[in-house]
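Novice: Quick note, the sequences are listed as chains A and B, same order. If you count the first sequence from 1, position 149 lands on 149 in our numbering, and the numbers rise without skipping. Remember, our numbering sits 1000 above the position in the second sequence when you count from 1.
Calculated from the structure, these hints are not laboratory results. Virtual Cβ for every residue (Gly too), placed ideally from N, Cα, C. Check the hints yourself; a few may be wrong.
Restraint-style ranges between C-beta atoms, simulated for each label pair [as the list claims (entries may be wrong)]:
(1) B/Pro1205 - A/Gln8: 57 to 63 Å
(2) A/Pro228 - B/Gln1056: 19 to 25 Å
(3) A/Asp195 - B/Ile1293: 25 to 31 Å
(4) A/Thr37 - B/Gln1056: 41 to 47 Å
(5) B/Gln1228 - A/Glu181: 27 to 33 Å
(6) B/Gln1228 - A/Arg190: 16 to 22 Å
(7) A/Gly143 - B/Thr1302: 29 to 35 Å
Next come the chains, spelled out residue by residue.
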Amino acid sequence: MTADLADQIWAALGTVHDPELDEPLTELGFVSTVDQTADQVTVHLRLPTSFCAPNFAYLMVADAHDAVTAVAAGRVVSVVLDDHFAGEEINAGVAARHKFGSTFARNEPGEDDPELEELRRVFLAKAQLAAQDRVVAVLAKSGHDRDSIAAMTLADLPDGPEVARMLARRAELGWSVDAAEPLLVGQHGRAVHADEVAFHLRFAATVRRSIEGNGAVCRALLAARYGPNPVRTGSVPQAAAQATLER
Amino acid sequence: MYEKDGEKFFIVDGHVHAWDAGPANQANKYGGWFIDCFYDYHTGFTHPDYLWNKEQFYTQSEEQIMGDLFERGYVDKAIFQPTYLKDFYVNGFNTTEQNGVLAEKHPDKFILNGAWDPRDGEAGLDALEALKERYDIMGVKLYTAEWKGDSKGWKLSDDWAKRYLDKCQQLGIKNIHVHKGPTIRPLNRDAFDVADVDDAASSFPELNFIVEHCGLPRLEDFCYIAAQEPNVYGGLAVAMAFMHHRPEYFGKIMGELLFWLGEDRLLFASDYAIWQPKWMVEGFVDYQIPDSITSGDLNPITDQAKKKILGLNAAKLYNLDVPADCQIQSEEKAPVEEPAIS
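Next comes chain B alone, as it looks inside the complex (with noise of 0.2 Å):
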């Protein structure tokens, strides 16, 4: 929880991992590479006071994990994503089952949410059964850009990706997290087309679509898909890591999913470890877009909007409980400009 000018907030980090990408563990120069990549968006974008070398970012053990999210960095629950990569990385970079371990340790911190790839067919469904009964998971996590064998990626769209999502519902597992953002690992075109998501949208209205890096490169994109199905959601996570050495960019991205989204759809999320929630939770609570880069169709941001973004927002989707003086005491209506869509 984090407190400022006795305003209290509420915080949900919606993506995170507990990743060993260290030489031991890589299986091939592609597992060097992509924590390079991974590297590069770390000091890329960073707050200059919380840079890491590399023998930092290749591994944190548990005290530095449980320090950074919910000691340092204001957490209240914190939502592992995982990402498997076993054809990079000996073990898997950060598995379900590897963030498990930590998930089942601290139940009333994290959140443990689970993958599939509708390319595993028939075993996958009952793997996904299986990790149901296991862990309970109320959200996955996928990667519909992933080269696999011959294949180069697949859609939401698919007959097999519809049967998982059936599964899905039956399960109770309502929360879909794609991945639809910069490409850092082997990914072809379908990386950035997020078409696919608003047939899923459609076809699954009860279930949530989470659209992890908003379709960053493609924000455009998201953003029309976005404004007309009301079950997708944009996560902010590399979007909140402009804030600090790009502020007119970070504003004019808020700017763009507060006009075609609102403030009710959005979710913050630091993607640790590859930034930390701290210095991105203090200085969200102070940002507001720059006089420099605000024209008639960018609206400020509210501290209603910050509550509901920061934390509010992913505890509806997950069921938590929120204190009472987090809350919000009395909803304001921000003036709406709907986009009329033809």
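Extracted from the complex, chain A is given alone in its bound form (with noise of 0.2 Å):
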């Protein structure tokens, strides 16, 4: 195995997320093998429970395939998901090129799954608003108070990572990252009202804990389910993989 595809591989497995926990695959610990040969890419995917939401799990395959497939030079990509209650249908339509739709109720492939892509949207506004809290986090710790900060442009905000994660969720969602939109936006893009806004405060912050909260559950089941050491081979980049055993 080539260091530098494993890597690439590996990179490419990281910019797929998890829709609920808005974290990268490789840091959940939901990856489990990588195994490459001349021909073939084989990624082998495990998530908390067996039950978790089909269409979530569907969304991370597909996702998966797909980064992987950019980075594998014409290799055939295989991603499987094990030990979960649809995974056998899921990689088959995801392999197949089926949309979520037509996995499950044996229609048309190739049909558009509205409900799934709505799906993403309903929770990348949810990552969104989590984000922003983030930010008004940093600008209250700086010394902004709430006027101030419901007066703010995106031209106003410092450089740094949960800025950027912000604006990458905006951007993901085809919502403008120009520099005079506000930074307080709503869960549907919209501006949030003068009177609006202390409330829509509190919201993005129970939004964030709860995101954040879910993914330590998640974590806690993985854990539960595969043992503390959820990286089973060594297959996967070692950095990677101390990296997940720490969080």
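Please dock the two separately framed chains into a single complex, following the hints provided.
Specialist: Okay, here's the thing in structure tokens:
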């Protein structure tokens, strides 16, 4: 296994997020093995429970397939979800490039699944709100009060990982990231009116705590299921494996 | 009843099961996976002194159940919430009828709840009447996201669901417990959607809607709805379990729930036998939100709030007699900042 390709595959998998947790599969411990030959790449994934919602599971497997295919230099890519009640259907559906709805309903392949895209959008919007809350926390810590924060545009924001994350979510949602756009934007992409600011900030904090907490629960369940040392083989780059264990 | 430092707490465990998930009752591999999933929740979060092996977890004897809940667990009343799963288990997982055997043997200890599925149509309405006739149930447990045939789920706002809710109102079945929580069986996106509770609660202001597991992992959506609907309650089964291994996360959940709902609409539960009430009751009475996560918007949990959550709130919903020394002597109004919702 060439180190370069292994790193590229790992990095590609790192661009795939659990849509609910807004964290990379590679940091959640969801990638169990990565193997490659001259002709193919095989990735095995696992989730905290055998009953994790199949629509979310499908999104992750499909996204992982797309991400790895982009770096696999023509190799045949297989992404396999193990130990899941709908694993067989999901794996077959992704392999055949079916959409989620047809995977389970045996419809015509290639049909669009608006439900799944809507699901993705809803959770991206939540992730944006949580990211926004983290930006607000940074600003509050550096002395800005509520009125000042409410008046800010993207142009006023300092550089940093929290701001970058928020901007990335907005871009994924197709929302404008123009410098003149307001900092405070709600779950539907609208600017927040002055009389909604207090509620908006409080709710954004709730969303952020909820998502972070969900991540903690999923990690605990994954560890309960697969043991405290979640990475099964040495085919995952060791530095990355260690990083997962230390979270 | 639990006593600590001169304070007495009436305990209602709002969500218990008497299940049979052993290999003999597993109809297929999913029966094994389902109890394995429950077991991971158990091992992932239980207080270590209460850890069971898989055999102990498969099923519990009457003696075990009575001991865990009422002798060791401080529980005064426990509410059986049924989970049928006839497609995974030969005789079902813990059906109303199975729970009913124990409930009728110990009527001073158990409250028996039933269940319905609006996809059963007219026949189901008849069955609900018969259930009321047989067991005089005051509550039901519903799974809106359960797959059935071609159906991937239903909503409380569906026409047929409203017919069933109407029937519940007629029959005096006032407490509607709805599972909106972790996916522990084939479920789809609807498992995460609590919006139908909003509609139902508005349409049926005389009924009480207890959202089991507080919509976790969709805590924020539950809080948003519950803040606006006075007849929506949060059932704390599963949430309570985070107390030991994830005290910060538990503090965040409790802080958020108390902020959006206040202390009068939250209900303690152990989700026995996934976890046992003894460590939860003891732990909760001692619990305080860690300093590391308090910011201006998370208030401490008062003794008064704990008494309400551990039993007094459920006692109101189920018309239970609470001993005088467990009641709150003089109510203190917490300084509540109402979140303004446009």
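Novice: Taking the hints in turn, state whether each one holds.
Specialist: Evaluation of the provided hints:
Distance hint for B/Pro1205 and A/Gln8: a CB-CB separation of about 58 Å, consistent with the stated range 57 to 63 Å. A C-beta distance of roughly 22 Å is found between A/Pro228 and B/Gln1056, which places it inside the suggested range of 19 to 25 Å. A hinted range of 25 to 31 Å holds for the C-beta pair A/Asp195 and B/Ile1293, which are about 29 Å apart. Distance hint check for A/Thr37 and B/Gln1056: the Cβ-Cβ separation is about 45 Å, which falls inside the suggested range of 41 to 47 Å.
Separated by about 29 Å at the C-beta atoms, B/Gln1228 and A/Glu181 satisfy the suggested range of 27 to 33 Å. At about 20 Å, the beta-carbon gap between B/Gln1228 and A/Arg190 stays in the expected band of 16 to 22 Å. About 33 Å separates the C-beta atoms of A/Gly143 and B/Thr1302, a value consistent with the hinted range of 29 to 35 Å.
The structure shown violates none of the earlier numbered hints.
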